[in-house]
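> Could you build all of it, start to finish, from the sequences and the hints given here?
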Amino acid sequence: MTKVIFLSAIVSSLVLTGCSDLGVKPWERDVLAKEEMQLIADPVEAGLDDHIYFSKEATSGGRGFGGGGCGCN
Amino acid sequence: MAVTKHKKIAQNDRALKAMLASAGCALLAGLPTQSRAAELDNWDFDTAALIYAEGDSRVSAFEPVVNATRNFDSETKLNLKLAFDTLTGASPNGATPSDQAQTFARPSGKGSYTTSAGDQPLDDTFRDSRGAFSATWSAPLGRDWAYSAGGYLSSEHDYQSLGANGTLSRYLNQKNTTLTFGLNLSADSLNPEGGLPVGLSRAPVPGSSTFSTDLSNSRDGSSDNKQIVDVVLGVTQVIDRKTLMQFNYSLSSSSGYLNDPYKIVSVIDDNAGANYGGNFVKDGSNLYLYEKRPDSRLKHALFWQGKRQLDNGDIVDLSYRFMFDDWGVNSHTVDLKYRWDLGKHYIEPQLRLYTQSAADFYQRYVTSSDYQALDEVSADYRLGDLDTYTLGFRYGYRLSQDSELYTRVSFYQQASSGDSGFGKLKDQELYPDTTATMVTVGYRF
Chain A
5 MTKVIFLSAI VSSLVLTGCS DLGVKPWERD VLAKEEMQLI ADPVEAGLDD HIYFSKEATS
65 GGRGFGGGGC GCN
Chain L
11 MAVTKHKKIA QNDRALKAML ASAGCALLAG LPTQSRAAEL DNWDFDTAAL IYAEGDSRVS
71 AFEPVVNATR NFDSETKLNL KLAFDTLTGA SPNGATPSDQ AQTFARPSGK GSYTTSAGDQ
131 PLDDTFRDSR GAFSATWSAP LGRDWAYSAG GYLSSEHDYQ SLGANGTLSR YLNQKNTTLT
191 FGLNLSADSL NPEGGLPVGL SRAPVPGSST FSTDLSNSRD GSSDNKQIVD VVLGVTQVID
251 RKTLMQFNYS LSSSSGYLND PYKIVSVIDD NAGANYGGNF VKDGSNLYLY EKRPDSRLKH
311 ALFWQGKRQL DNGDIVDLSY RFMFDDWGVN SHTVDLKYRW DLGKHYIEPQ LRLYTQSAAD
371 FYQRYVTSSD YQALDEVSAD YRLGDLDTYT LGFRYGYRLS QDSELYTRVS FYQQASSGDS
431 GFGKLKDQEL YPDTTATMVT VGYRF
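For the record, the sequence lines run as chains A and L.
Under the working numbering, think of the first position of the first sequence as 5, with each following residue one higher.
Under the working numbering, think of the first position of the second sequence as 11, with each following residue one higher.
Treat the hints with caution; some may be incorrect.
[As the list claims (entries may be wrong)] Heads up, incomplete: computed chain L residues facing chain A, CB under 7 Å, no partners named: (1) A58; (2) L60; (3) I61; (4) N77; (5) N183; (6) N186; (7) G217; (8) S260; (9) S262; (10) R331; (11) M333.
[What the hints assert, rightly or not] Subject to a maximum C-alpha distance of 25 Å in a straight line, what follows is the list of computed DMTMM-like cross-link-like pairs (lysine to aspartate or glutamate): (12) K38/A / D154/L; (13) K38/A / E49/L; (14) K354/L / E414/L; (15) K29/A / D324/L; (16) K29/A / D230/L; (17) K29/A / D321/L; (18) K91/L / E32/A; (19) K38/A / D54/L; (20) K347/L / E39/A; (21) K38/A / D351/L; (22) K87/L / E40/A; (23) K38/A / D321/L; (24) K347/L / E414/L; (25) K185/L / E40/A; (26) K252/L / E32/A; (27) K29/A / D54/A; (28) K354/L / D54/A.
Calculated from the structure, these hints are not laboratory results.
Think of the CB as a built atom: it goes at the ideal place given N, C-alpha and C, for glycine as much as any other residue.
Encoded structure:
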């Protein structure tokens, strides 16, 4: 647990300090604004997948919440 | 010509939207026709239906979903989602196959089913339908913050779930970096058919002399609860005009009744003799125990996703997840999608690889000499050593600026492994593969 917090702290601080140079200007967001470039491009498909894998495997969540919602596991 | 066609599609979309809206909510009732059309333009719909079918006529499922979003402005929206699913078919009950036919009681305690020698014990009365509804409101909070708040409920004949969640996001570096904190609370209740099994108690065997005693000793009331708390901490970073990444750490804590009420474990005879490796017989019938899992579970997951549009317009989407928990399960998941842009059409092949290690208390079977000393046990293959593969193809066709028709076909394979038994049990297939085909058809407009 401590290891995870430590690791997450390092990763997030690296990301934060390193990331101030990254990125785009507001007028350069044409590509990123596209629906297919969203991290979850199709929430319905993602929801259907989550439901299947939740009921067939011992892992759920990660991308978002991994909670309950069905008695399938 | 093209304009007319687009106009027609837009009209059709509007008619469909109107139908869905009037079926789902009464928001539009009473509005004049023109305002109704204007109101419908603020809505996005995403509808899909999934068919999931396992090989050897095991579980099959059908799940239609309607997802509706009302946009108030570019960042303020209300999302409503309604899903139904029906499941039928046969599901493994956890017992091992045997060189003898095996008879099991139905979960209700009434009736029985018999598995032939050498076959996987499957409860063929597996049947369920579920309805789920969720609503999420998301909006900005000033210039640098955003939030969302939502709730959901889901109901099956033996399981109910009620949840609430919220997220808070902070934008940094001209919105190139987003920090997100999310919290989800869920209160679930189960009321299994035939009452709540007591973990590690003897499962009643139909026709045995101890049937009624075993049935009453193995039940403790009719319902129990489960609580889940999830916390997610995330960083999303825009790398350049065509690339973005996300990194999440999430923690999920469950407590309460975490057993699967319909799963049992075989007790195998390890006394030297003719029945070595066969089902252990006690008081004249085979001994099976109800599974028992710990009453809490703490899961940690690290998730990374990167997405990039290539110079030719194709999009590569790669993600990796590492999960570990206090049940001893570790898992790795890699998911790769490549969206091949063909103008109005696209093809998206997908490959997903998943591997997990077994939970500490997972055992494919227990032996006659150690079953009395058990604290916890489950023979559910979903808690065992498991590798799964998904290969999918999605094809989409953009009908207009705002509408798309798509279909996806995926093949899913599960391969389990573990201890191969002893004596007679060695001849049985303890870890059969499962294959499934999934077909989704969807329309977004």
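> Could you tell me which of the numbered hints above are not met by this structure, giving the numbers in increasing order?
Numbers 3, 7, 16, 18, 27 and 28 - these are the hints that the structure violates, sorted from lowest upward.
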